[in-house]
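J.: Sequence:
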Amino acid sequence: MTLNDTSNQQDQQICFTRINGKPLIEPDPELNWEAGGVFAPAVVLENGKWKMLYRAFGKDGISRIGYAESDDGIDWNKDKKPRVIPDHTGLEYSGIEDPRIVHIDGRYLISYTAYAKQEMPVQTRIRILETTDFHKFEHVTPSFEKQKPQNDKDGVLFSEKINGLYYMLHRLEPNIQLSTSTDLKKWTKFSTVLKPTQNDWESLKIGAGSPPIKTPIGWLFFYHGVSHDMKYSMGAAILNLKAPTEVLYRLPYPLLSPGFKYEEAGVVPNVVFGTSVVELISNYYLYYGAADDVIAAALIDKSDLLKTIVKYPVN
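Okay, so the sequence shown: first residue is 1 according to my numbering, each after it adds one.
Source of the hints: derived by calculation from the structure; they are not laboratory data.
We put the beta carbon where it would ideally sit given N, CA and C, even for glycine.
Hints are supplied without guarantee of correctness; some may be wrong.
[Unchecked claim] Ranges between beta-carbon positions, derived for each pair: (1) E279 with T188: 27 to 33 Å; (2) D72 with P269: 26 to 32 Å; (3) E46 with K242: 35 to 41 Å.
Based on the provided sequences and hints, a complete structural model is requested.
T.: Written out as structure tokens, the structure is:
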């Protein structure tokens, strides 16, 4: 493994360091179901085995979910067939997108975006898959109280219940919202947690990235920000452990922005879209889609990040 300096930032600013300086996974042009791009990885580390679900864009314009495994989180072996395909409800007519994964109560919960027909009044909505073995999946279709019909996406579950409730961050453009549920099916009316700021990198809209990570100072939440010139970057905030609608700290600058060729040129240029973070002893590994074309990874020192982010309290 090689590390590549990412510092085009000021010396005082902390940032992710790209791993290997090149994509970890690229689309296989021989596989029609993923030939159009691979991105939005959802990664877990279980008993020394790294497992990944990822979005694969097919030549037919439909997104499916692929599967890969690794012994070190860097070199991956992909399945030749998709692991999850759109069901027959019509909610996923145009594909299943951008999975995120958590492990709760002995099973994995994968939140994702269901993409319906373009002529439907609501094209994107959040759905959830449940699995224990990454082979058999059960669907859950959440409903949100008093939420008018509108596109909803970037659903991210917390990794544990809080006061007996499931918590989910999701995105009704341009903000990030939070809802709770007792059963994953019926969700409360949302509360807005984060909004875009005047900082250029997150001035247009923001969206949930990876599932929040529990730390001594709060829930560490990585999210993406979009500038008015449509550049996607990754930022971070800390949410209150007991009341996650309260934002305690928020970095004013991005931790990762497009800067390498595979991030700047692709299906959708100038995109780093992080959807999974794995916590190791000293580092956080961020897995992200680059330019909606390939999958890459970057790391950041845990202690450095937490020491830095507390310098930016939210008033």
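J.: Hint by hint, say whether it matches the structure.
T.: Comparing the hints with the structure gives:
The hint said 27 to 33 Å for the Cβ distance between E279 and T188, and at roughly 28 Å that hint holds. In this structure the hint that D72 and P269 lie 26 to 32 Å apart at CB holds, the actual value being about 30 Å. At about 28 Å, the CB distance of E46 to K242 disagrees with the hint of 35 to 41 Å.
Comparing the model with each numbered hint stated earlier shows that hint 3 is the single one that does not hold.
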